[in-house]
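Visitor: Each chain is listed here by its residues.
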Amino acid sequence: MIEAPDLSLAALAPLLFVFGAASIGVLVEAFGPREHRHPVQVAVALLGTVGAFVSTLLLAGHREITAGGALAVDGPALFLEATIAGLGALALLLFAERSLDPARSAFVTSAAVPVGSPRDRELATSTLVQTEVYPLATFAIGGMMLFVAANDLLVMFVALEVLSLPLYLISGMARRRRLLSQEAAVKYFLLGAFASAFFLYGLALVYGATGSVRLSDIRAAAISEGTDVLLVLGLALLVVGLMFKASVAPFHTWTPDVYQGAPTPVTAFMAACTKVAAFGAILRLLYVAFGTSEWTWRPLIYGIAIVSMIVGAVLGLTQTDLKRMLAYSSIAHAGFLLTGVIGMQATGGSSGLGATMFYLLTYGLTTIGAFAVLTLVRDGDGEASHLSQWAGMASRSPLTAAVMALFLLSLAGIPLTAGFTAKFAVFRSAIASGAWPLVLVALLTSAVAAFFYLRVIVLMYFSQPAADGPTVGVPGLPTTIVLALTATATLALGILPGAVLDLADRAAIFVG
Amino acid sequence: MSDLPFLLLMIAVPAIGAAVVAALPRGRDLLAKQVALAVSLLVLLLAVLATVAFDPGGKRFQLTTSVSWIADFGVRFALGVDGIALVMLLLIGVLVPLVIGASWADTAPVDRSMKAYFAWLLLLEAMMVGVFAATDIFLFYVFFEAMLVPMYFLIGSFGGPRRQYAAVKFFLYSLVGGLIMLAAVIGLYVVSNSQLGEGTFAFDALRQLDITPGVQKLLFLGFFVAFAIKAPLVPFHTWLPDSGSEAPIGSAVLLVGVLDKVGTFGFLRYCLPLFPDASRYFAPYVLVLAVVGILYAALLAMGQSDMKRLVAYTSISHFGFIALGIFAFTTEAGTGAVLYMVNHGIATGLLFLIVGMLIARGGSRQIRDYGGVAAQAPKLAGVFLIAGLASLALPGTNSFVSEFLVLIGSFPSRPVFTIIATVGIILAALYILLMYQRTMHGPPRGVLMAEDDDATPVPVGGGATAVAAAPARTLRVRDLDRRELAVVAPLVALILVLGVYPQPLLNLIEPAVSATMSDLGGSDR
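Top to bottom, those sequences are chains A and B. Number 491 in the numbering used here belongs to position 491 of the first sequence; there are no gaps in the numbering. Number 430 in the numbering used here belongs to position 430 of the second sequence; there are no gaps in the numbering.
Looking at chain A on its own, in the form it has when it is part of the complex (with noise of 0.2 Å):
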């Protein structure tokens, strides 16, 4: 007789909100009358979410493994989950907006047509709109839960290839400029199927050094057997793939294209919900699994991270293209988590783990809306994204430059705003924990920084507009229910950051 594995549903009820939303999207996908799709779509994609919203929050204080051992049901699972499901519902908005764009979408009508033929040039002023997108994303969505929640490698893996999949496929749907969109398509394929290659390498090696995938178990063996070559080299390997997903330098080269390329509502999805979801997994990996061995990969991580701050920081500086310059401050940001991935064994209060939890979510709230406004602002080729297009914004649309202002000073870590309470956050637990001097490049970094942030608001606000300038357009109800509820949650986090802080440093222990 085979066993069946003990399945807890209750506890999987968001992965299930989640996934069944994006099975229903494809046979609407597949049967649906074309004229309504969209609206079913969009309802179907943001139940979904929402729905899986809602059930992490009912789960909280569940701390389970369940699955056959495969997830665990915890408080970092579920608050990443609630996370990414709440910023995958706001990316789901921005891919719904239709009042922006003309051909009343971001997304080609039909991606297989090639550029440039007559087909092509017909549907580029087409008002057949593509739905193929939400199934999609709510697949990379659902993966990405399934990523923070696996308590084996094999899970980690396939979640992994599920959410990096639909990403690749998406970010080649720009409706503009669609060959730049299908360079960063490939380009993301490319150096992420190395990446998945690297995480499987190192997923065989572990398995061969302690004879099991499980977290768990990997955590006794390296106990026992911890500077063991094949384990050593193995999880090298395990953070080697794991760190692309993060875009974390040196494994960043992908980043700036691919955002600059993809859409701007998939740029703005995958720079909050990749990271938010790749994080979530690298603090399991090291914290369940190698928690014993810190002082093997400490030194790789220390290292990786000044790194990436310093490549953020600097190579951001010389960038003229907002897309590409808000690539390169992900890449900086990441490195800034990195360092309350160090701190994570401070104790007294100051868990690097709740930290970098409250980071990634301060961070994904503001990094969609940076993006949001981005799809505002337009001239005739599309989106102007290039810096000259912005000067004297404020002159011509406060408000949005206001918004924009805002999420850039936040971005840079200004006091009052929720990216300084996050800093703060994660720069104590790692000075807590004695890594001193890595707080003092994080924060010689962020002045560097803030430079290029300061740049764009000196831009909208001190400059003269072009004569033949961008305009901004009215931003329908989807567009502004994003902006209303990042720009709060920016301020409301700054100013009054104590509940969800709280709520984080709770829901800061690992099971397993």
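These are computed hints drawn from the structure, not numbers from a lab. Every clue listed holds true.
Only part of the chain B face toward chain A is listed, based on derived beta-carbon distances under 7 Å:
| no. | residue |
| --- | --- |
| 1 | Val142 |
| 2 | Leu179 |
| 3 | Ala183 |
Ideal placement from N, C-alpha and C gives every residue a C-beta, glycine not left out.
Assemble the complex: chain A is given as a structure, and chain B must be docked to it using the hints.
Guide: Just chain B now, kept in the frame of chain A:
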């Protein structure tokens, strides 16, 4: 009456006032100015009432409020003042209404509204009060950095031709200093966590800590760099001449009158009591920087042809004196230093205001474009003279008392530094009197000589807000009108009164300074 949360009100009232002014409909500039003036006068009233409620012989920190803010970080929204902070709050309360009055007739540059100018001014006032009133170091840091944003927008939106450059330089310089201080703040928290069992940012608790000398030195340096940039001490001073010359006059007054005082206030309030051993260790080096600053900035001031830049350099020179007074570690010198902070705010504030009024008439910031103004505008020249004499610390003016106290207080402990610093007084006389003599006396020249009418329109704003370098042509220089007299009269009065009777202020300052010195473990030599 003494139960009113004065400090909280002094922060909340201008902040709400700023929001109200910003929310006024476009084009209602007069209403905006009136609201702003009313709010700032209300803050002045609150400051005076707070002074009345303060008991100089009582506890060190009074008028306290403390509410839990971010419990997870151990941060409280804690406000409180000792004598030093209280006199700074009085200075803020006096200066802001005068700045609003001085900017009353200004016109905004293209695409900007004066409404925004006054809103930013009020927000700046709220932040400045917060910086001095905070007794929780995290809260102090928040206000320290948040204070940069309104000033940045004031310089960048309403400033002179190089305003973008000046605004960015100002913001980044101060931000870098602030970030270095953040590392020290977190370090302090971690030390308190290990020693007291629970991390805290409360100043009183942190004073009790016993920090090892090595760690103390690092933490001291972290705070020191931030305050040295703010103060500014040579060699961290290069942002001030640019910001001071490009900022609109009202903002320039607040920049040197109050914002820079945060640096020296920080030395006295945070560096000395929290890190006594490190302070003693680094004192000789700091004194070298201070004395070099006095002389170097004075020499540079003499060579300036731009009046606003000249006044900015005089500020750097004066701040060297204040730093000398603080790091001489005697109560007398420290009291002199705090009094110097107040007096410098009044004297240099008046100097900036009157220079601004002159520039508003002539359109040019260059000394060579003015000459013989006194013949046509005697009141302006008279006030200019008083401001100048106060800056060079003529006996009878308020600055003399403070400078005298600093020098007398420093001489017993640091004779050599004091002697070298005294030379700075002579240089001060040179730069002030040269500027005064060239612009006010002598043959008429520059703008007073013009006959032709090919007037180059003043490109950036008008009035005393900001000026371009190209002179407009006028034949007569108007004397001070009633509004301008109303703005300068209180400052002139304060200069004269405090020069003769500074005792009330000294009564407030001295107990606080001596408490600080006893934290330092200093002996009153």
